[in-house]
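Quick note, the sequences are listed as chains A and B, same order.
First residue of the first sequence: 20, per this note's numbering; consecutive thereafter.
First residue of the second sequence: 204, per this note's numbering; consecutive thereafter.
Errors might be hidden in some of the hints.
As the list claims (entries may be wrong) - Straight-line distance between alpha carbons at most 27 Å, and here's what the computed DSSO-like set of lysine-lysine pairs gives:
1) Lys260(B) / Lys38(A)
2) Lys369(A) / Lys260(B)
3) Lys249(B) / Lys205(B)
4) Lys260(B) / Lys24(A)
5) Lys38(A) / Lys24(A)
6) Lys249(B) / Lys301(B)
7) Lys249(B) / Lys369(A)
8) Lys318(B) / Lys38(A)
9) Lys299(B) / Lys369(A)
Claimed, not checked - Here are some chain A residues the structure puts well away from chain B; computed CB gaps all over 12 Å:
10) Leu99
11) Asp112
12) Glu143
13) Pro215
14) Lys273
15) Val330
16) Gly354
17) Pro372
For the record, the hints were derived by calculation from the structure and aren't laboratory data.
Backbone N, C-alpha and C define an ideal beta-carbon position, used for all residues, glycine too.
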Amino acid sequence: MTDLKRTCLHGLHLSLGAKMVPFAGYEMPVQYPMGVMGEHQHTRAQAGLFDVSHMGQIILGARGAPEALETLVPVDVLGLAEGRQRYALFTNDAGGILDDLMIANRGDHLFLVVNAACKAADTEHLMAHVPGVEPVTDRALLALQGPAAEAALARLVPRVSEMRFMDVGTHVWTDVELWISRSGYTGEDGFEISIPEERAETFARALLDMDEVAPIGLGARDSLRLEAGLCLYGHDIDTTTTPVEAGLNWAIQKVRRKGGDREGGFPGADRILSELVGGAARRRVGLRPEGRAPMREGTALFAAEDAAEPVGAVTSGGFGPSVGAPIAMGYVPPGQAAPDTLLFGEVRGKRLPARVTPLPFQPTTYRK
Amino acid sequence: MKFTEEHEWLRVEGDLVVVGITEHAAEQLGDVVFVELPEVEAQFAKGDEVCVIESVKAASDILAPVEGEIVEVNEALSENPGLVNEDAQGDAWFFKMKIDDLSVLDTFMSEDEYKDFIA
Numbered sequence: 020m021t022d023l024k025r026t027c028l029h030g031l032h033l034s035l036g037a038k039m040v041p042f043a044g045y046e047m048p049v050q051y052p053m054g055v056m057g058e059h060q061h062t063r064a065q066a067g068l069f070d071v072s073h074m075g076q077i078i079l080g081a082r083g084a085p086e087a088l089e090t091l092v093p094v095d096v097l098g099l100a101e102g103r104q105r106y107a108l109f110t111n112d113a114g115g116i117l118d119d120l121m122i123a124n125r126g127d128h129l130f131l132v133v134n135a136a137c138k139a140a141d142t143e144h145l146m147a148h149v150p151g152v153e154p155v156t157d158r159a160l161l162a163l164q165g166p167a168a169e170a171a172l173a174r175l176v177p178r179v180s181e182m183r184f185m186d187v188g189t190h191v192w193t194d195v196e197l198w199i200s201r202s203g204y205t206g207e208d209g210f211e212i213s214i215p216e217e218r219a220e221t222f223a224r225a226l227l228d229m230d231e232v233a234p235i236g237l238g239a240r241d242s243l244r245l246e247a248g249l250c251l252y253g254h255d256i257d258t259t260t261t262p263v264e265a266g267l268n269w270a271i272q273k274v275r276r277k278g279g280d281r282e283g284g285f286p287g288a289d290r291i292l293s294e295l296v297g298g299a300a301r302r303r304v305g306l307r308p309e310g311r312a313p314m315r316e317g318t319a320l321f322a323a324e325d326a327a328e329p330v331g332a333v334t335s336g337g338f339g340p341s342v343g344a345p346i347a348m349g350y351v352p353p354g355q356a357a358p359d360t361l362l363f364g365e366v367r368g369k370r371l372p373a374r375v376t377p378l379p380f381q382p383t384t385y386r387k
Numbered sequence: 204m205k206f207t208e209e210h211e212w213l214r215v216e217g218d219l220v221v222v223g224i225t226e227h228a229a230e231q232l233g234d235v236v237f238v239e240l241p242e243v244e245a246q247f248a249k250g251d252e253v254c255v256i257e258s259v260k261a262a263s264d265i266l267a268p269v270e271g272e273i274v275e276v277n278e279a280l281s282e283n284p285g286l287v288n289e290d291a292q293g294d295a296w297f298f299k300m301k302i303d304d305l306s307v308l309d310t311f312m313s314e315d316e317y318k319d320f321i322a
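Isolated chain B, as found in the complex:
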């Protein structure tokens, strides 16, 4: 699993990248009450706003960590946004993206590096 400075995690699944937010981010957000997911087949450039997360406190975004196309979204989050607080780095993935070159993931932080980053 790789980590971004925007508190997302990235996991390779075949030729796809699965994206979610870290447990640290979920804890900072507080109870999540609404998630707006992207459309399947939508194209995003790195840094584009892909998802909106509303917690009891405020709204925040998930930005596309890399350029690519959305191939699947986690509909379970629409029904049960609280899943983000329960299992941020497991069942509460947000979307799966197809990207051209998986090696771009090497540029992101490892788990240990991320732990140092948030320390």
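Next comes chain A alone, as it looks inside the complex:
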């Protein structure tokens, strides 16, 4: 793994016994000795600490940046209140998704968090269209997720208890600034914390010293987000999927839709806006295989056990530890997208039944 980058918490992961794997150009912990299943359950029951420092943190601090950013995303950036965060998508001219990201209004600037695998391309894309793009290269990013996350973090930063879902704020811990959002990607209540690299390990260890907090790797991060029905870029969404196909209509506020004050004006608007009205040719759905065999990414989906041609495919699939059964997401035509529709996934040459299921698989517990 010599060509791989490391986060500033690499030494911490090794000291915790992590199994490291290549991920998006980084050497990252896939699991710790507790194991994927245990880490998943721990996060749902108590609190899990994730190193997500491989993700891109970007500041847009110039005047005019929010207006410029709106030319790249189908999202209401101008209407995002100070101290609030919002999910967004970079789209391309065909209406496909270049990346998904979080946008926070931190008063005198916007703060973006983008996917690790896309951050170089996103930064280039932003620099071509938005003034004053400043990649943040000296801060780690941690996520603390689960029902005990608030109690744990509040021991170090008491005021986080005042935050609600999708709030962002600056807090001081010892003598450093933490940029904290009440959000995450597990379906649980929790926080993401941007911290100067040189203090990240001390901060992480202070959290890990608490009984409720355990380190969680990428394996459980994936099963947690899948149960929460959240898309993983490069799998459930990519340049070949539109926001409407992906069922991300909720991320496109009225003001950017047909008839809105700032209708369109983002790449792929023609297609995306017409799909918002008339529907898309396929939809992302949740799937519950009826047996115990997981249906992994790439599993072909058929409308009937003896159908000749598939109607779609699984884009994420595995075992849901909290659901206690295999779960999957995939794309199918609207005619097969209604809940309870019976489909067949081809696993090792066998057509196995699976039912379309509303998302999320696991109820979310955000503090709204």
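Keeping the supplied structure of chain A fixed, place chain B upon it in accordance with the hints.
Coordinates of chain B only, in the frame set by chain A:
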């Protein structure tokens, strides 16, 4: 008990061979969530795919270590795949096979040889 390079263990029980995966293999796989067992009376040639094991991470196979016929499968694994992680070299056997010549087992590794193999 004998061991294969594919991380299976083989144990003679009367004129049958009992087959499972090693503790080392179970640890590498991570939490097992699904096991697909063969049909009883199915015939397999050496190297055929006999079982599928799905862990939280990925799917993998058990290949037939020798040629033979399946005479019994461990149904407990269908109900409780996690048994593979709890007791890989004991209760979590996968299948029992009837083979023509038990002496073929002599060609596999001893426990010490297997330990060296995975070291």
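Hints, verified against the model:
1. Lys260(B) / Lys38(A): Measuring from Cα to Cα gives roughly 13 Å; hence the hint holds.
2. Lys369(A) / Lys260(B): Given that 27 Å is the threshold and the Cα spacing comes to 21 Å, the pair holds.
3. Lys249(B) / Lys205(B): holds (16 Å)
4. Lys260(B) / Lys24(A): Answer holds: lysine 260(B) to lysine 24(A) is near 23 Å, not above 27 Å.
5. Lys38(A) / Lys24(A): holds (16 Å)
6. Lys249(B) / Lys301(B): Given pair lysine 249(B), lysine 301(B) holds - Cα atoms ~13 Å apart, limit 27 Å.
7. Lys249(B) / Lys369(A): Within the cut-off at roughly 23 Å; holds.
8. Lys318(B) / Lys38(A): This hinted pair holds, its Cα atoms lying about 21 Å apart.
9. Lys299(B) / Lys369(A): This hinted pair holds, its Cα atoms lying about 24 Å apart.
10. Leu99: holds (37 Å)
11. Asp112: Check passes; 36 Å lies beyond 12 Å.
12. Glu143: holds (33 Å)
13. Pro215: holds (34 Å)
14. Lys273: At roughly 40 Å from the nearest Cβ of chain B, lysine 273(A) sits farther out than 12 Å, so the non-interface label holds.
15. Val330: Given a closest Cβ separation of 23 Å, the condition holds.
16. Gly354: For glycine 354(A), whose nearest Cβ neighbour in chain B is about 30 Å away, the distance exceeds 12 Å, so it holds.
17. Pro372: holds (15 Å)
When the structure is compared with the earlier hints, no violation turns up for any of them.
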